[in-house]
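Protein chains: 2
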Amino acid sequence: MDLTELRNANPEHWTKAAAIRALTLDAVAAANSGHSGMPMGMADVATVLFEKHLKFDAAHPNWPDRDRFILSAGHGSMLLYSLLYLTGDAQITLDQIRNFRQLGARTAGHPENFMADAIETTTGPLGQGLANSVGFAIAEEAQRARYGRKVVDHHTYVIAGDGCLMEGVSQEAITLAGRLELGKLIVFWDNNDITIDGPLDIADRTDQPMRFKSAGWQVIEIDGHDPQAIEAAIAKAKSSKKPSMIACKTHIALGHAAQDTSKGHGALTDADQLRAAKDAYGWAHGPFEVPSEVKSAWEAIGSRGASERRAWEERFAQLSERKQTEFNRAHALEPPKKLAATIRALKKQTAETQPKLATRAASEKVLEVINPVVTETIGGSADLTGSNNTKTPDLGVFLPENRKGRYIHYGIREHGMAAAMNGMALHGGIRPYGGTFMAFTDYARPAMRLAALMKVPSVFVMTHDSIGLGEDGPTHQPVEHLAISRATPNTYVFRPADMVETAEAWELALSFRASPSVLALTRQGVPTVRGDHKTKNLTAQGGYVLAEAEAKRRAILIATGSEVSLAMEAKALLEAEGIGTRVVSMPCMELFAEQDETYRRRVLPAGPVRVGIEAAVRDGGWDRLLLGERGREAKAGFVGMTGFGASAPAGELFEHFGITAQAAAERVRDLLG
Amino acid sequence: MDLTELRNANPEHWTKAAAIRALTLDAVAAANSGHSGMPMGMADVATVLFEKHLKFDAAHPNWPDRDRFILSAGHGSMLLYSLLYLTGDAQITLDQIRNFRQLGARTAGHPENFMADAIETTTGPLGQGLANSVGFAIAEEAQRARYGRKVVDHHTYVIAGDGCLMEGVSQEAITLAGRLELGKLIVFWDNNDITIDGPLDIADRTDQPMRFKSAGWQVIEIDGHDPQAIEAAIAKAKSSKKPSMIACKTHIALGHAAQDTSKGHGALTDADQLRAAKDAYGWAHGPFEVPSEVKSAWEAIGSRGASERRAWEERFAQLSERKQTEFNRAHALEPPKKLAATIRALKKQTAETQPKLATRAASEKVLEVINPVVTETIGGSADLTGSNNTKTPDLGVFLPENRKGRYIHYGIREHGMAAAMNGMALHGGIRPYGGTFMAFTDYARPAMRLAALMKVPSVFVMTHDSIGLGEDGPTHQPVEHLAISRATPNTYVFRPADMVETAEAWELALSFRASPSVLALTRQGVPTVRGDHKTKNLTAQGGYVLAEAEAKRRAILIATGSEVSLAMEAKALLEAEGIGTRVVSMPCMELFAEQDETYRRRVLPAGPVRVGIEAAVRDGGWDRLLLGERGREAKAGFVGMTGFGASAPAGELFEHFGITAQAAAERVRDLLG
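Protein chains in written order, with the UniProt record's numbering: chain Z, 1 to 673; chain X, 1 to 673.
Honestly, the hints are just simulated from the structure, not real lab data.
For every residue, glycine included, the Cβ atom is placed at its ideal position computed from N, Cα and C.
A hint or two may mislead.
Said to hold, decoys possible - Below, simulated PhoX-like cross-link-like pairs (lysine-lysine); rule was C-alpha separation at most 20 angstroms, straight line:
1. X:338 <-> X:534
2. X:534 <-> X:635
3. Z:241 <-> Z:404
4. X:213 <-> X:241
5. Z:213 <-> X:213
6. Z:635 <-> X:213
As the list claims (entries may be wrong) - Stretches of chain X that chain Z covers, calculated by requiring three or more beta carbons in the stretch to come under 8 angstroms of a beta carbon on chain Z:
7. 199 to 205
8. 631 to 637
Chain Z on its own, in the form it takes in the complex (with noise of 0.2 angstroms):
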């Protein structure tokens, strides 16, 4: 690469860019950590899309209708922390560039949505920032449809390495947004062929541009430090109803000595080399000095979308009162007040018709109350729609062809779906949920987990949560992912026990603004157990007394979901045997675990033997409300599976694996010696 050629051909460019390429060189060489390679490959694309194409205000990085900027390939984070600094971002200070990836500064090792305003999301687990894109393009088409053009119109932009590419999610990713031809979806491909291992060529040899266009894709190829190319590229990626891909050839850690090498990929601290790069780049700079012609010609870019802001502003003004309040309601996760006394309403017709139907049928019943009022929702299945019971008549399909559809039918796509359902949420003024059958947390995981992290309200919607999914088998039949979401940080799992809770779960879910829920729900049908209304929503306490015990209390059974009904069978067998028993219900053992201890103790009170119910592993809390809790080992026992399942009918499995009532009733006599 001959750098002079380049910095005589665009002088003004090259230096723009090259305060990032030193910027990043010497914030890595300070945290001795890091990745420099990508942000000095890319810094020229980086560099035009922000001056040339990029609308956003540095001022007001909350603006609504700024273009997206999410770098999917967040190793190389310092690409974004330089360019938020240089253009003026009031977060993303020198002071935090000169402490990269130190506890407490901003600039963490890889992009988190939650340090700065300005982050659009959380990146690094590669491939989650392009398949989160797709919800943002997917939020901006579907609040374009309802706001009007004057007020949403804006542009999602991409930056994604080989890591990006190889990992399936992308698939995922570029085959749903082909699919829905979300055209203002626009990806770079940082294409410098290289990965950590060596070349990329020992692991892949993807014709990528033709892999796009299988997924109805635009795709320009271009020299990545061109900048005349690349501005280019982005103005006819603009044009096209299709999403488009720009692969950018370009060398990694460019100017450097590791340039186009594996090791460019990560840490360049080496002093020498490090001088050298600068020199080749014309920067005669101290460490993290930016002559202020170069910042002020930055801080430029940052202002340029001011006066575009304010005249947004206006337009926004001039929408109706009620739409206003509207788009401000959903962009600020405020649930509309209706929503408490719909809920109540629903349940208060539940208690008195008390329905046996399955907890995801349930669900779509609350839905479809729900739907009409939570306008922000936008549900979908990836391809179980009429098992997921996620979509109402009111819905509609968000199609090319009808972008106020609301449900989204994402395909066998599990991953992509959760990914997309965060980069909705994170986009703002969007609820989501979507629906698969709970083992496939298991695809989904990655995003779920960056749910939960990222602090967004995405709702998963896992129904068939246990062996009552019957005879398809083990594959199909979750035993450990109640375990593995409520292990997981930040994330709020109800398992409601009949149509009552499963309503209260959902006024919940709908409610929190930085945490995701999951939503276990049954396949088969469940008795109501709460047929006695109540208008407070008893599953915001987590656990709570179902029903108290008629003799004397000896045994406290604790139960979630399918398994409650089971042990208000258990406690009338006991009963009847004069052994006094009390209900628990549990739906959410993170709000429970959230109540104060007199609280707790009232529910669990010292003394009774304790049996836990769930067909699932005893791994998922189970101790600690058994043996914890006050509890005691030698008191405590749990009816539920401890392996995997088989494949029969539902009701002849419960039976085989022996969680029934009367297994429950037999663990409490046992422990009552």
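Following the hints, put chain X in place on chain Z, whose structure we already have.
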């Protein structure tokens, strides 16, 4: 579709295929559950494959050189069961077919490899079979290179549907197969344009042929109901050096009223429609009835390979005795006798030198002595070779030009890697291990779960196992992943404290024949805590007393991995205060739980206070050890993580999150009151 024309064009073929369709209809109707449409759509392809190409001997389903047939679209299990019954498999009898999806039957809802010898892998979670097949094909190439084509020379055939191809893992699988030029891998795509939610088009418009070509595959497009075209396509596929995808245009639920609809995907149980379909097939036989001439024709197919198998046995007998023994030992998953002595010697040497190094580096040193002895290993990493320390110098890289290479650069494909590993193990003759960062357990989860369910001893080398990963931050720091793997049935999770335990863990992992292992290894250096050499593999007990209390025993510290040395430091602090403290190292909770009560009580007696130390969430089995096993809530504490990590140097993070010897000692003092 004009069935009469099809029937008349190839009457003998038609009748054989009709037997599959009729059995499918009958079995699904009897079970009132299952998926009829796929077997009905793909019966022609399967019939031609089995009749004309598949090398197998139904009487010897374990013949090592058989072709492998993998039904990736596992919901169409009746296709496989029909084929096995018809060709005379001893395990899949007519009685089994009649008991489709019933408790105790081998004919589970989705094919399960442990139910019958002829079922190569467990499928149903979509894309897994396809991704396994890459491992099968790698195993074939690797063994052919080692033993010669006279004893190893077979194909891997896969049937995949749109579901398989929409799952992200399919992209990882096909790009890996394309790069590795696995020419003996042949995939049939059931191109029927239907998914559960409706026409495929509502969710996907991918040009699959173009996509496969972009991954380096040969693509052949045919009418999936034309036997001559099918036969010719397979012949063409077999002659290619590239993997081949045969796009088979088919009609789901062919000949049934539900043909070409999403209803046809599911259980077709209507009696009248069933009869009408059979009429259309010209199939005038009762339920589960296959006329003897049809059965005989199929059985002839089943025994077609007998002479080839016998010839193979003669060729195998001509191998050197050493080669035969090695081949049989590896296929029987018996570790070589030398392994134990090799590990012992390494342990002895380690006890003498007492190195301080990361357990991932220790793992590399262990592999350096293992790989020359356990020659059936095939290692690899998802593009983190230098970080996972998975490559030893003797292995060589598996590539088209070096099929003897025993190391695979999987690329950034954690999921595809794990699934391919499972495929190698299932193929037989290979012990696969593969590495990534432990946080990316999430990406590999669907295949890791299946390893456990399928009972295959894949070894997942998960490095950077805590906040000790440092600056890369919370996206890359596992906190819940120990809990996730520990909650998974039939999975052994090892978190060794030092090089001695790492060696012991590897010895155990390589001795398992029916369980996968997860090795959780540190990024950061740890001291040798097992300086006192013991010949016995103490890790085999799961947990053991590493250091006995010196003063009167009042506390037990239980720790794993990098936190064992913290426990030793805490012990020193406490003993200095006269608080006698035992340290228990707990490298494998599952093995500890398998020890008898007497042993467990000896290690964890009632009485002393207990503090667990692990840089992860408490959910990972800790309550069982702290509150169970004779423990008590009032006398138990935990020092670990309660949420996600942060980006900073590792040492600072341990301080920041309070995972220190001081904190552990303080917790003990608090509990002692």
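Verdict on chain Z covering the stretch 631 to 637 of chain X, where coverage means 3 or more residues with a C-beta closer than 8 angstroms: That given contact holds, which follows from 3 residues of the stretch 631 to 637 of chain X lying within Cβ reach (below 8 angstroms) of chain Z.
Given pair status - residue 241 of chain X, residue 213 of chain X, alpha carbons within 20 angstroms: holds (14 angstroms)
Restraint check for residue 213 of chain Z with residue 213 of chain X, where alpha carbons must lie at most 20 angstroms apart: holds (12 angstroms)
Agreement of residue 635 of chain Z and residue 213 of chain X with the hint, judged by alpha carbon distance not exceeding 20 angstroms: The given pair, whose Cα atoms are some 63 angstroms apart, is violated under the 20 angstroms limit.
Satisfaction of hint between residue 534 of chain X and residue 338 of chain X, Cα-Cα up to 20 angstroms: holds (18 angstroms)
Pairwise hint evaluation, residue 404 of chain Z against residue 241 of chain Z, where the allowed Cα distance is 20 angstroms at most: Satisfied, since the Cα-Cα distance of roughly 17 angstroms is no more than 20 angstroms.
Residue 534 of chain X paired with residue 635 of chain X [C-alpha distance capped at 20 angstroms]: violated (32 angstroms)
Verdict on chain Z covering the stretch 199 to 205 of chain X, criterion of 3 CB contacts below 8 angstroms: With 4 residues close enough to chain Z, the hint holds.
The structure is inconsistent with the numbered hints 2, 6, although it conforms to all the rest.
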